[in-house]
Every structure is written in structure tokens, then in C-alpha cells.
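> One-letter residues, chain by chain:
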Amino acid sequence: MITALTRALSSNALTTIATNTSSQMICETTLKAIGRPGAILIDNKISDDTKKYAAAKEFLYQATCLVVFGLLIVPVFKHGTFKAAKKLLGKTHPEINQFKSSTEYLDYYKIASKKMQNRLATLSKDHSENKFTPELREQLKTQENPDKYDWIKGAIETGSFAGSIIGLAILAPQLSHATIHPTLRFLGFEKPKSKNLDTQA
Amino acid sequence: MAYQDKLVKTFDYIAKNLNATHTVMAIAAVKGICRPTFTMMDKTEKPETKKYTALREGITEAVAIPVYFICGELAGFGAKVMKKFQDAAAIKKAQKAAEKTGDVVDIEKLKQSPEMTRKIAKNLRFLGVCAAALVVIPSICSIAIKPIVDEIIKPPASPKIPPKKPSAPLNMNTSLAVTKPIVRPSMNSFIGHYGMKAGGV
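So the protein sequences, as listed, match chains B and P. For the first sequence, position 66 (counting from the first letter as 1) is numbered 66 according to my numbering, and the numbering increases by one without interruption. For the second sequence, position 170 (counting from the first letter as 1) is numbered 170 according to my numbering, and the numbering increases by one without interruption.
Same shape as in the complex, but just chain B (with noise of 0.2 Å):
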């Protein structure tokens, strides 16, 4: 029970979304999207109609949230960084310079990441064989320990880490505020001009 439990918590996978600022607040705020108008809907103080209301209301800025985080952290501020990073810094750091994009590091972060015999199986695949440069693919194949570069990773964590705060905490309730009313107008639940509840952060 307990190794299974230890096994399923110390997967690939979950590493893979626990350790990437981008995923995680993907997660975070598709289940914020489910949890918070769940929440208000079963509320049992406040009237149906309200309750609908604020449920929808508080679906849409949560979804609000989730578009501008696909449109704006991930290609903006993920890549964005690392080309920076690899501007400002692969003269004096060249390892950054074997990769061509952040996707490409990211994919060898994770093999990397791997223990020998399901790192090989992974690399032995057809669709990996122009992967990576012959110096990075020996290195993933030969060493039982290959350099994973964090530095890179930080950077790129960086760059997301600054591109939630921007786009989660100030763009998102700016274009929210301007599209939530228009929305829910079309969608029947709003009066034109009429005061309702607000939505929980």
C-alpha cells in the first residue's frame, strides 16, 4: 500500500507538472474554475437565481484567467525568457546554446530526469532519433548521472513565474472586468445595467 502510494507520488509525470509554474497554475486555476462556483452552488443562504448568477459569473473569470494564460505566458514569457537567456548568457555559458528552444530543453530535462534502462528505452524510440545534438544523446546514454542544466530550468521558471503574476493578478481582472458583463448578457443571466454579486478573487 504504502510503496504504491509512494511509487504513484514520486511519478514522472506528476514531477513533471509539479515542477513547471505553467502547468501548475494551469491545474490551479481549472480546478479554482470547478471548485469556487461548485462552492457558491451549494450554498444554501443565498437565492437561486443569485447563486447562478455568481456561479457563471465566477466560471467565466476563471476561464478568463486560463485564455490569457495560454495566450500570453506560455509563448510570450516561457520562450521569451529563454531566448533572452540564451542572448544574455550563452557566450559565457555555451550549454544553453545546444538547445534550440525551451520545448527541446524541457524535453531533455525530463529524460534527463529519468533513471538509465527507462531513459534508454526513451531515446531508442524513432520519433527521438533527431532529438537532441549527438553530444547531449551520448551524454543522456552513457552517464548515469547527465548534467541536467538547471540554470536553464530556473530561467525558464522564472519567466513564467514573472508572466503568471502579470497576467493572473493584473491583465486578467483588467479584461475580465471588460468582457465577464458583455457575456453574461448574451447569455441571458444579466439585465442591461443591473448590480449583482461579485465574484471571489
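Derived by calculation from the structure, the hints in this document are not laboratory data. Quick caveat: nothing in here was measured; it's all calculated off a predicted structure. A couple of the hints might just be wrong.
Claimed, not checked - As a list, the in silico DSS-like pairs of lysine-lysine whose alpha-carbon atoms are at most 30 Å apart:
# : chain 1 : residue 1 : chain 2 : residue 2
1 : B       : Lys110    : P       : Lys111
2 : B       : Lys114    : B       : Lys141
3 : B       : Lys148    : P       : Lys9
4 : P       : Lys92     : B       : Lys115
5 : B       : Lys115    : P       : Lys93
Given the coordinates of chain B, work out where chain P should sit on it, guided by the hints.
Structure of chain P alone, referenced to chain B:
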């Protein structure tokens, strides 16, 4: 040390130490400042409503920060508890096997590595944050936020509907004037609007 080396060291530290708790707490802190500020800047709302909404948003985030921290850290602490059980189970299993074969059991080798414990703690922190976002924070907000806000500031008064005047008895001598029926705006307008109607109308 050149600034590049300092940057690389900082990124390296971030990669090794940043976890889900830090990210969500930072976002909640910035949200707690920005959302009430944006609400107060809104010129279309009444000052009373603005104050009430801003306070509600601010308190929601103020509650979210410690809840995220507690849930994350408690879940992370679970990794240490799990390690104890995991070690005990592994040692017991090895000792049973050794009794049959007569081999000597190396207890230190059977114990979970510190790296594995850290990995599990990081993953558990992420799950703790997810639980906070899905259940704990929405529940606390539903139960506690409204009474707290109402205690600090008076909720904005809802528009009063004037009481209905008793209709005058019908005078049969006067001519009947054709008048339009009075339609009051209702919040029930969305009831029964779920899904698409036939033909998508």
C-alpha cells in the same frame, strides 16, 4: 564574479527551490493589491459598491495566502511521515527475506534517499495547493467572507421596490382605457435557457 555568473547561480537556486506554494502565494499577494485597486478605479460603479467589492476581494486574497501556505506545507510534511512508513515497510520485508536466506540486511541502503523524499515533498505540496484551490478556499470564502466584510463595512443597499398600491374599484361608468401591462425586470430570465434550442435559435 560577473553578473552572468550571479544570474546563473540565482536561476540554479530557483530551479531547485521554487515550488507551487511560492507561486500561488505570490499571485495571491499581487492580486490582493491589484484587484481592489482596479475596482476602486472603476468609474461606472457607486462608491459604496466599490468599497464593499474592493474590501471583499482584498480579504479573499488575504485569506487565500495563509491557506495556500498551510495546505502546501502540511502536504509537504506528509512526505516525512510517508518516508518513515516506507522505510519501516522496506526493512520489514528485507528482514523477512533475510531470515530465509540468512543474508545480512543493510538497513541504510533500504532507506528512502533524501532526493526522493524532496521529490515527493514537492509533488505533495503541489497536491496540497490543488486541494486548497478546489475545496478549502472556496469553502472558507462561502462561510466566513461575507460576515467579516459585513462587520467592517455596511453592504450597499439594494434598490427598493415601492409597495403595490391597492387597485381602485372598477367604475363601470367610465370608459375602459387600453394600457400596456407593467413588466418588471426579472432575474429569472435565464431559467430554462440551458443548452441550445432546436435549430440553434
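> Which of the numbered hints above does this structure break?
Violated: none.
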